[in-house]
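Please model the entire structure based on the sequences and the hints provided.
Listed below are the residues making up each chain.
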Amino acid sequence: MTWDSKLIKKAEEIIKLYPQKRSALGPLLYLAQNKEGYIDDDSVVEISNLLGITEVQVRSVASFYTMYKQEPTGKYLLSVCKSISCEINNSKEVIGGIKEFTGLSSNETDPEKTFTFEEVECIGACGGAPAVQVNYETIEGVTPEKALDLCKYLKEEEPKVIVADDLQEKFGGIKSFEWAIEDNSGTSTTAPGFQIIGTAEEN
Amino acid sequence: MSEEIKFTVNGTELEAKSGELLIEACENSGIHIPRFCWHKRLEPVGMCRMCLVEVETPRGKALVPSCTTEITEDLVVDTESEVVKKAQEGILEFLLINHPLDCPVCDKAGECPLQDQTMAYGPGESRFVEEKRHFEKPIPISEIILLDRERCILCARCTRFSDEISGDPLIEFIQRGNKTEVNTFPNEPFRSYFSGNTVQICPVGALTSTSYRFKARPWDLKSISSTCNCCSVGCSIELNTSQNKMLRILGEDNEFTNQGWLSDKGRYNFDYLHSENRVLNILEKNDDSFNEISTSEAIKKITSKVKELKNPNIKFLIGSHSTNEEYFVINQISNHLNKDKFLSKEKSNVYFCDDLLSRGYFEEKYTQATFEDLDKSETIVLWSEDIKDNLPVLYLRIKKAVRNGAKLIVFGHTNTAIAGLADFYFGKDVVSNNFDLMLNPAELKDFKNNVEGKRVTAIVGKAAVSQKKESLDKLVDYLNEISELKLFNSFSKGNTFGALQNIHEIKGLNEFSTEFDNEEKNIVFTIGVNPVNSSYFGKAIKENLIAADYVISLDLFINDTTELADLILPTTSLGEKEGTITNMEMRVMKQNKILPAPGSTLSEWEYLIGILNAMGINIEYKNEIEINADLVRDYSDKESLPTFDNLNKPSNLYGVINTKPINITTKDLKKQDFPLLMVRRLYGDSSTQINSPSISMLGSERFIELNSSTAEKYGISSKVGNFIQGSNSISIKIDINNLLPDDLVIAPINRRGFENIDPSKDFEITEARNREELSVN
Ligand code: SF4
Ligand code: FES
Ligand code: FES
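Which chain is which? The protein sequence lines are A and B, in order. Residue numbers are given in my numbering: position 106 of the first sequence equals residue 106, and the series is strictly consecutive. Residues are numbered in my numbering as their position in the second sequence, beginning at 1, plus a constant of 203.
If you are wondering where the hints come from, they were derived from the structure by calculation, not from laboratory data. Source: prediction; values computed, not measured. For every residue, glycine included, the Cβ atom is placed at its ideal position computed from N, Cα and C. Be aware that one or more of the hints could be misleading.
DEER-style ranges, computed between Cβ atoms [what the hints assert, rightly or not]:
id	chain 1	residue 1	chain 2	residue 2	range
1	A	Gly103	B	Gly327	28 to 38 Å
2	A	Thr114	B	Ser911	22 to 32 Å
3	B	Ser911	A	Asp41	24 to 34 Å
4	B	Lys340	A	Glu169	37 to 47 Å
5	B	Asn941	A	Glu169	38 to 48 Å
6	A	Lys16	B	Gly222	50 to 60 Å
7	A	Asp4	B	Ser911	19 to 29 Å
8	B	Gln378	A	Glu100	25 to 35 Å
Right, here's the structure in full:
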């Protein structure tokens, strides 16, 4: 048992939300990601037992979706969009700057485990291109300079909880639209912060 | 019933059933559409796009995959247009981008759909100059299956098979896009009883079996259709040989029985044919060693022994791997040799080696089932020995029926492996540890509701040697009364039903050991059996054989039974003899010969007729055809007699159902309350398996199963330990199975070490915390 009873209980609550157990696979993988920073084999075993499917079926899904990480991630996962809208709004330089600051190429993690950097396809923030995500919290209208400030801030201040609104204010530019009511919740791991599955954290 | 509708292909109007898939409808009308991923026994997925065809739509012609498109009225299809051809070329070009084209060293070459279809539909030239994917090759994904990932074209046939058909999805696609590969989870190998089917249906050489890899080229193979006799399902198979060696067995798609699939036991249990341990000459025991003698000498020895002993009892212990023709001759010799002694039911002298043989339900009031009935039934009721281990392909048929909506009701405690499929599992509250039915079936509401007035197929037989038949009677008679019942007598061993059909009176092993009288003169023939190693009665039989005046074994190997013989007559085996066998539906099917009899082996009947003739009894058969012509006479349906001629007709290729009267005499054991339930596993230590190197390791693990509270009682928390009874101590793996009732422990009867265990006696289980504490054996 690598998952403690609290986590198992959480998993069981999630499973109850679905008519079929195996439908809970996605959220449970986020629990694993939240716990370990990636989908480790022990969690796969745990999930397969919880859902009554085989380990390799779990691994199949976990390795298909890029948001489930197969290698340990750093504290901050920097995902920079390289798709078309961001590209024509200068994402190249944003990417270049971050690469230089962190010394990482796409899908790499630094030895200190501070940053994992990745170039990603459209993250649905085209209206505010170029866009960057830190642990899946989105910041829009990021200039190359602001991107560097963001990296410095993360490295030096090491904020525990990452909250989109907060970073948007500090490092963002134009926004595509006001997305929702302001909220203070974010994430403190490289799993996206979802209230319903318990990966969200209040600042 | 689905209606017939019209559609047009390449300008010709055709008919199909509505709802049928385009690719299948075309196939049925003789129009072949190339494909990789579509397989008629698997759900369509549309993975490969090789089957693209043009259909007319309101918005003009469009390319659609014919394997996921259902026929509709007046559909107009073009399977050969320029556009289709271009699509096919394109798809093949894409598929070949990452395919290594290592056909010269690939086992599939020569029978490879990718190779063949590239020839037929491909672009003919490659424009790909970039580096291809590389993988470590091959990786073993189980003890018997290898995977060359770079050859895989991602058709998902193997993964769908393991999920939909066999229900053990231990292989899956891992990663995505260009990196996608088939693989297992670390330390969770593809251990499936059915894994070999994936090798057969893989459209490239990505999956290979250790037993066939690099052994032959398909164009060098000779092949012949036959019938498997590993269990009484009677799967249709194709035997492949080269230079007089059996190299491979494939499943044939027999709509009525196996539908293309085989268990790995049936598929890979053949290397023994060419084992150096096989007995190829007649052996006579001299003190402790065996001498070779000739056939005529051997027959002389037997006849003079019979004379010398003056009217001895001559008994036959028979196994399940003989053909109907051989059983027919066994019946004749047994009758003739005991003319004055054993011609009544009580005095039969033929004993069939299956601990679970019972009188069964063959009377006219019971309707015998066929596998097709499973698909048509609303409810399937199962109470018998472990189906998955003993009738593996029947397990697949049940799984299929359940997937298509049949309800499954399982009675404990042997079929826990199938319980996951069951709608209702009746365990310890309903079935006692002695396998008594503790309630009146009518009191089981869920049971009653699902069988009353319903089409029911029941699979029934003794689940344990100690089970009283009466408990089954209760269930069967209730079902017969309130449902439309068809039933299978689930005798699982090879050609059991052929023996029942062709031997007038059959008894069980209980009868053999209780009737054996040391005071009398006894000659025992053992024919293709090793009860000393694999039966509850083994110990008693061993003593009987030691006490007997003369023992003659007709067999393939020296084993625990035949080593007690005075004379071993080496016999032929699968592929070396021709004959018919009968499966559990009473379907009589053909076994064919493709290999010469090795060494100086003869078929069982040849020895027996030789002996009869030497004793002055004039029965002459020159070959199996003549025996067959004789034995078919007593079949009840004269219209479709299972003669060789008849069975070789294309329309009867997959057998004819026909019956003969069946007489079995068995009594329940007196002893009850066995603390240990000994069950037969698919793999074990049979002479044929341990002499088949490619699968011999599969039967070596020793394990027991018990529930967690029983484990607690024994003070076991670790997963390994020792099983101890008297002076026997066996190191074991301990599996927790919480479907089992308290105080019942399951152990395999056919794993080494367990042949000396008496399930009616007490035993101990101790846990081992480290290697040193495990018994060495
Ligand atoms: S291994 Fe063979 S059967 Fe399995 S997906 Fe690849 S090509 Fe298809
Ligand atoms: S293109 Fe970058 S967010 Fe859509
Ligand atoms: S056969 Fe139709 S998509 Fe593969």
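Each hint tested on the structure:
no.	hint	verdict
1	Gly103(A) - Gly327(B): 28 to 38 Å	49 Å, violated
2	Thr114(A) - Ser911(B): 22 to 32 Å	46 Å, violated
3	Ser911(B) - Asp41(A): 24 to 34 Å	25 Å, holds
4	Lys340(B) - Glu169(A): 37 to 47 Å	54 Å, violated
5	Asn941(B) - Glu169(A): 38 to 48 Å	56 Å, violated
6	Lys16(A) - Gly222(B): 50 to 60 Å	37 Å, violated
7	Asp4(A) - Ser911(B): 19 to 29 Å	22 Å, holds
8	Gln378(B) - Glu100(A): 25 to 35 Å	30 Å, holds
Of the numbered hints given earlier, the model fails hints 1, 2, 4, 5 and 6; all others are met.
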